[in-house]
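One-letter residues, chain by chain:
There are 2 protein chains.
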Amino acid sequence: MYRLHNNMSSGNAYKVRLMLTQLGIPFELVEYDIDKAETRTREFLAKNPNGRIPLLELSPGRFLAESNAILCYLAEDTHFMPADRLQRAQVLQWLFFEQYNHEPNVATVRYWITHKIEMTEFRQVALPVKRQDGIAALGVMEHHLTGRDWFAGTAYSIADIALYAYTHVAPEGGFDLAPFPAIRAWMDRVAAEPNHVPITDATVGAVR
Amino acid sequence: MYRLHNNMSSGNAYKVRLMLTQLGIPFELVEYDIDKAETRTREFLAKNPNGRIPLLELSPGRFLAESNAILCYLAEDTHFMPADRLQRAQVLQWLFFEQYNHEPNVATVRYWITHKIEMTEFRQVALPVKRQDGIAALGVMEHHLTGRDWFAGTAYSIADIALYAYTHVAPEGGFDLAPFPAIRAWMDRVAAEPNHVPITDATVGAVR
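Quick note, the sequences are listed as chains G and P, same order. Going by the working numbering, the first residue of the first sequence is number 5, and it counts up by one from there. Going by the working numbering, the first residue of the second sequence is number 5, and it counts up by one from there.
With the rest of the complex left out, here is chain G (with noise of 0.2 Å):
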């Protein structure tokens, strides 16, 4: 069974919990505490040199790393993927566009708020930056959405899972998305997928 190396605070960790829910995959969670420097540990180390959450165990001792490589490798020859081309490609777009622009903005600021983070010097005059970067990274979602129902292809896909995971939580980091309506119709068509799970959903996995 798949073990997924998880928090339950993380959205990277929840996109693959999310799609191994969808996709009706059984797995295991473990939990580490990020704030106590859990997934930096020498024996953590071990299976993730980069040291972070989520690493998917996909067998003992056989782990992949990246929240959006996680999801390339699950999405293959599903319907999560579009089996175009082109589309494909423009999948990874906006999976590449979610890692540069936006996990970086919008979800470090809501990081840094709900974990209570030190505000180190770097920290304060990092804020005002990354908001502004964020705003304009929703600015570039908001765009595109409007007028179509998904980020890429006809239908829901993997870049709809990795740019949802941190965009229905930006509130809790500061982000008002009243002035995005096509971002927020498009999440509500995103939760009424079927099997759709909330992030605080501990009891996805094994327990199913």
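Just so you know, the hints here were simulated from the structure itself, not pulled from any lab data. For glycine and all other residues, C-beta sits at the position ideal for the given N, C-alpha and C. Some hints here could point you the wrong way.
[As the list claims (entries may be wrong)] Here are the simulated DMTMM-like cross-link-like pairs (lysine to aspartate or glutamate), alpha carbons at most 20 Å apart as the crow flies:
| no. | chain 1 | residue 1 | chain 2 | residue 2 |
| --- | --- | --- | --- | --- |
| 1 | P | K134 | P | E146 |
| 2 | G | K120 | G | E146 |
| 3 | G | K134 | P | E125 |
| 4 | P | K134 | G | D137 |
| 5 | G | K134 | P | E146 |
| 6 | G | K51 | G | E61 |
| 7 | P | K120 | P | E32 |
| 8 | G | K134 | G | E146 |
| 9 | G | K134 | G | E61 |
| 10 | G | K134 | G | D153 |
| 11 | G | K120 | G | D37 |
| 12 | P | K51 | G | E80 |
| 13 | P | K134 | G | E125 |
| 14 | P | K51 | P | E32 |
| 15 | P | K134 | G | E122 |
| 16 | P | K134 | P | D153 |
| 17 | G | K120 | G | E61 |
| 18 | G | K40 | G | E122 |
| 19 | G | K51 | G | E80 |
| 20 | G | K51 | G | D37 |
| 21 | G | K51 | P | E32 |
| 22 | G | K134 | G | D81 |
| 23 | G | K134 | P | E32 |
| 24 | G | K120 | G | E32 |
[Said to hold, decoys possible] In silico negatives: residues of chain P with every beta carbon more than 12 Å from chain G:
| no. | residue |
| --- | --- |
| 25 | E32 |
| 26 | I38 |
| 27 | D81 |
| 28 | Q94 |
| 29 | H119 |
| 30 | Q128 |
| 31 | V133 |
| 32 | A182 |
| 33 | E197 |
| 34 | P198 |
We have chain G already, so just place chain P on it with the hints.
Just chain P now, kept in the frame of chain G:
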């Protein structure tokens, strides 16, 4: 013919120039001065709402953004992408690592220095943080390459192209590669691949 919306100093654009050259695919270059915000004009934003190069125009009006998504698109069914499912996911793992842990640090510091970008308060405070995080990313690469020739699978792949792009010019950003012998040996292997071209080679593309 493919048209690559390009900047010669960009490692992200170099990835695509190198890949197209190694595949023997002719292309046109359209050069943008990123210091003059030429990718933020109304005309360019109609091509890529995220306002960034590289942007590959597959046919007139059909665009693909994000350097690593472009690499994936071009690599399909070539020897630049492994056939094995897990190895393909490991290629993606390194592509996401590159965009999250490497590029925002190693590439951004190089850009600020080589383009003489104004050092705002944010950049002054962020510089040492990015330098530290860039060195950490190089450390993860060094660890992985110790005892391995390539990043994923058993051969040169787009994971190597993506990571080579900004690693081999990291010294321009003040990153010392002397402590990373496995990286230096790997860079030599990458540069010895057939049809390798340097980042400064502006003669690639249509003229071949």
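Hints, verified against the model:
1. P:K134 / P:E146: Holds, because 18 Å separates the two Cα atoms, which is no more than 20 Å.
2. G:K120 / G:E146: violated, 29 Å
3. G:K134 / P:E125: Roughly 14 Å separates the two Cα atoms, so the pair holds.
4. P:K134 / G:D137: Judged against 20 Å, a Cα distance of about 17 Å means the pair holds.
5. G:K134 / P:E146: violated, 30 Å
6. G:K51 / G:E61: Roughly 9 Å separates the two Cα atoms, so the pair holds.
7. P:K120 / P:E32: Violated, at about 28 Å.
8. G:K134 / G:E146: This hinted pair holds, its Cα atoms lying about 18 Å apart.
9. G:K134 / G:E61: The hint is violated at about 32 Å.
10. G:K134 / G:D153: violated, 27 Å
11. G:K120 / G:D37: holds, 14 Å
12. P:K51 / G:E80: Distance ~29 Å between P:K51 and G:E80 Cα, so the pair is violated.
13. P:K134 / G:E125: holds, 14 Å
14. P:K51 / P:E32: holds, 16 Å
15. P:K134 / G:E122: holds, 18 Å
16. P:K134 / P:D153: violated, 27 Å
17. G:K120 / G:E61: violated, 30 Å
18. G:K40 / G:E122: Distance of about 13 Å is within 20 Å: holds.
19. G:K51 / G:E80: violated, 24 Å
20. G:K51 / G:D37: holds, 16 Å
21. G:K51 / P:E32: This hinted pair is violated, its Cα atoms lying about 44 Å apart.
22. G:K134 / G:D81: violated, 36 Å
23. G:K134 / P:E32: Not satisfied, since the Cα-Cα distance of roughly 35 Å exceeds 20 Å.
24. G:K120 / G:E32: Cα-Cα ~28 Å, so violated.
25. E32: About 19 Å separates P:E32 from the closest Cβ of chain G, which puts it past 12 Å; holds.
26. I38: holds, 16 Å
27. D81: Answer for P:D81: violated, closest chain G Cβ roughly 9 Å.
28. Q94: Non-interface label fails for P:Q94: nearest chain G Cβ at 7 Å, not farther than 12 Å.
29. H119: Given that every Cβ of chain G is farther than 12 Å from that of P:H119, nearest at about 18 Å, it holds.
30. Q128: violated, 8 Å
31. V133: violated, 5 Å
32. A182: holds, 21 Å
33. E197: Answer for P:E197: holds, closest chain G Cβ roughly 23 Å.
34. P198: Non-interface label on P:P198 holds, nearest chain G Cβ at 25 Å vs cutoff 12 Å.
Hint check: violations occur at hints 2, 5, 7, 9, 10, 12, 16, 17, 19, 21, 22, 23, 24, 27, 28, 30, 31; the rest are consistent with the structure.
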